[in-house]
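Construct the entire structure; sequences and hints are all you get.
Number of protein chains: 2
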Amino acid sequence: MVAGSDSSFSSATRPLVAMDKLVSLCAARGFIFASSEIYGGINGFWDYGPLGVELKNNLKALWWQRMVRERPDVVGIDTSIVAHPRTWEASGHVDNFSDPMVDCRACKKRFRADQLDDAGKCSSREGSSEHDLTEAKNFNLMLETQIGASADATQSAYLRPETCQSLFTGFKRVRESSRQKIPFGIAQVGKAFRNEITPRNFIFRSREFEQAEMEFFCHPSERDEWFEYWRAQRLQFHRDIGLNEGRIRNRPHESDELAHYANAAVDVDYEFPFGWQEIEGVHDRGDWDLSQHTKFSGKELAMTDEATKEKYTPMVIETSMGVDRTCLALLCDALDEETLEGGDTRTVMRFAPKVAPVKVAVLPLSKKLSESAHKIDAELRKRWNVFYDESGNIGRRYRRQDEVGTPYCVTVDFETEDDKKVTVRERDTMDQERVPLDGLDAYLHERLEAGS
Amino acid sequence: MVAGSDSSFSSATRPLVAMDKLVSLCAARGFIFASSEIYGGINGFWDYGPLGVELKNNLKALWWQRMVRERPDVVGIDTSIVAHPRTWEASGHVDNFSDPMVDCRACKKRFRADQLDDAGKCSSREGSSEHDLTEAKNFNLMLETQIGASADATQSAYLRPETCQSLFTGFKRVRESSRQKIPFGIAQVGKAFRNEITPRNFIFRSREFEQAEMEFFCHPSERDEWFEYWRAQRLQFHRDIGLNEGRIRNRPHESDELAHYANAAVDVDYEFPFGWQEIEGVHDRGDWDLSQHTKFSGKELAMTDEATKEKYTPMVIETSMGVDRTCLALLCDALDEETLEGGDTRTVMRFAPKVAPVKVAVLPLSKKLSESAHKIDAELRKRWNVFYDESGNIGRRYRRQDEVGTPYCVTVDFETEDDKKVTVRERDTMDQERVPLDGLDAYLHERLEAGS
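For the protein sequence lines, the chains are A and B, in the order given. Everything in the first sequence is counted per the working numbering, starting at -15 for the first residue and increasing by one. Everything in the second sequence is counted per the working numbering, starting at -15 for the first residue and increasing by one.
Careful: at least some of the hints might be erroneous.
It does not matter which identical chain is used: a pair holds within one copy or between any two.
Restricting the straight-line Cα-Cα distance to at most 30 Å, the calculated cross-link-like pairs of lysine-lysine (DSS-like) are [claimed, not checked]:
{"no.": "1", "residue 1": "44", "residue 2": "156"}
{"no.": "2", "residue 1": "165", "residue 2": "405"}
{"no.": "3", "residue 1": "5", "residue 2": "44"}
{"no.": "4", "residue 1": "156", "residue 2": "175"}
{"no.": "5", "residue 1": "366", "residue 2": "44"}
{"no.": "6", "residue 1": "44", "residue 2": "175"}
{"no.": "7", "residue 1": "359", "residue 2": "405"}
{"no.": "8", "residue 1": "156", "residue 2": "121"}
{"no.": "9", "residue 1": "351", "residue 2": "156"}
{"no.": "10", "residue 1": "352", "residue 2": "5"}
{"no.": "11", "residue 1": "351", "residue 2": "293"}
{"no.": "12", "residue 1": "359", "residue 2": "5"}
{"no.": "13", "residue 1": "295", "residue 2": "352"}
{"no.": "14", "residue 1": "165", "residue 2": "351"}
{"no.": "15", "residue 1": "352", "residue 2": "366"}
Everything labelled a hint here was simulated from the structure, so no lab data went into it. If you're wondering where the values come from, they're calculated on a predicted model, not measured in any experiment.
As structure tokens, then:
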């Protein structure tokens, strides 16, 4: 068995490490940290650092490969964050995307009217938990801005609160220009914004976030089988990126919790340290969206069945993955604190190689070896993301790579010049193997690309 | 010589096709079209369709590969679009990122005070070009929004007007967490927003756009050589993606046109149908940005030289590529209307294979062959973006692939079953070659990956 194959990298169901440890490791190692940190941060906004951006890009590339590249029946698009405001009237967001809020006249805090038991004590009224509350008022969660420069043509616009609406408004143009026939899908990865009342749980609930969504348009007679197909596909995806089977589940929505546009919905939940939470949703949206946009735009979006000449509005099955949430699941799932013989603790991120931000670290044993180490580094960089580190003792350098989840360390030592070999250390087993330089690429390829 | 090597794909200096033809081809074929098109569009916002997103993703991936992956001295990040508002005070955008504007009381139009000769006639005053103008007033180009939900904590914030500032505010965190030493760079690809008075020239000047920026931090004594190094690197990049040598140039800024933060600047210009225009800038920003953020944040961003113990603020060389502008240059450069023998005109996009949205089209001669064609399609999709098309006559299908710049068409015919061969047609020469199925992958690989 190949030591580095995916199966040997898949994690057993370990106890999860506490969130505060993960958050501080993420900042210290440059995965994810507060936006505008030197100005004290800005609540609900996060920056991905050098390791975080590679993790997120790997996830997005795997999604695009699976959902777009490998399929003749799905095409990708990339639309603007600011869309025509009528879009959000048609979708119902202008009228309905709001929470009922109440203010406390004493402590000036604002609470969701339906979650008042979360509100805690009123800080202005010592010893009392009684707030002095206003009437509930709807608070729209969309971020608004003004565009246009003419004195008479400035208009309000919104930052999209979800990426999917432009997949509906673009349906006709995309179908016609890409010569797709029903059934087919349109997919997109991009940012969306919501003015969340209480951003929380690190990047789980933030005000700026990324979604990877796909809308699949099908004939009404086939909607149930496509819903089931995509439910199974999307659950499998989360297994394939390495999430522990015991921490992911499908959770169907009860009929009383379905959104107004949905006929059926099933979540992919992950068991975070803060509980089971949705990282993806698969929704049967019926003909709600195309019908609404037909009504608001006056443009016909219905189709004619080529065989029966029957006119119909396609039904839509949506798959909607939270990119940041899935990154957080990958981080939570990977982080392990292992007790070694002798009692030492080793912190190790057990990422599957396909999502690991850095695939290989190149570590010369001494700065005197940097010339040949740089050559190896340059060669490996053509194919993988590589980290080069030449300072500090080798044991500490290994541990730093364990902490960021690098599957393989390549150590260049004083014998490398003579025997043309390097030492390759595997992250999970810590086993070391002497590998000939001219076989290094193949050695790593076999282990890193297995199952991807 | 390999028929599909980059050199044979590089375009001679042809006359450019007019912009209106490019714009309508982009919409018809699904490269790029107006955002929210069914609602009449929204001025200054564009959507990338199935072909456009692949073109743009190819460009961004090539940039990331060259600027981040291949270099031990540059790391990537991905930061939020909404940053702390102090960022834009420090950068000077709150006070200075504005144009002096005047309104016409009669026709209600707004004009830049320094460009009044662009304003044309006043539409409310027939036969007269005289406007009834107000005093000039500064009009900030940043898009503003309100975030935060507490009654007492709602704050104004801006959508970033450029992606680079978070590379400065994150400088210390990124340097420490990624163990980088001066000189090193931080790179990012992402969206930015400007409320342009007059969006124009298709995606050249829009209100939502994408930048690929890198800030390189170096010791003051090395700034001149790094400026020259990056100038040459970035010019070479635009050659490498296939832009015609005769249509790109470096243009150094005169001292009187330098931005307030810049000590030296050189543009990479492309000769569009609407003239020579900047697609990338390389700037010596000196210590302006780190000094400003030190002043506004109170956080020390200066360094101590390890050898001399001297304290210094690193100097910054910036490379800033407009992603949409470079996509537009690629489209303009590729589009050709070729007169064939017999007088027919063939529209062909002569993209270099590495940027072409679709690498291979799979075309069964008849729907009866779709089973074996789908098998070939599925195999090729593992590696490349593939388009599958089984309807219409084969000549028209070839022309459609020419129009979107697909380098190779693979035709499956009735002999394929017997001789296990397919016909491969090359876009530029229209030459056809019979290729064994078991050598198809290697045949295409040799031609598509040459020079990349």
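Does the structure break any of the earlier hints, and which numbers would those be?
8, 10, 12
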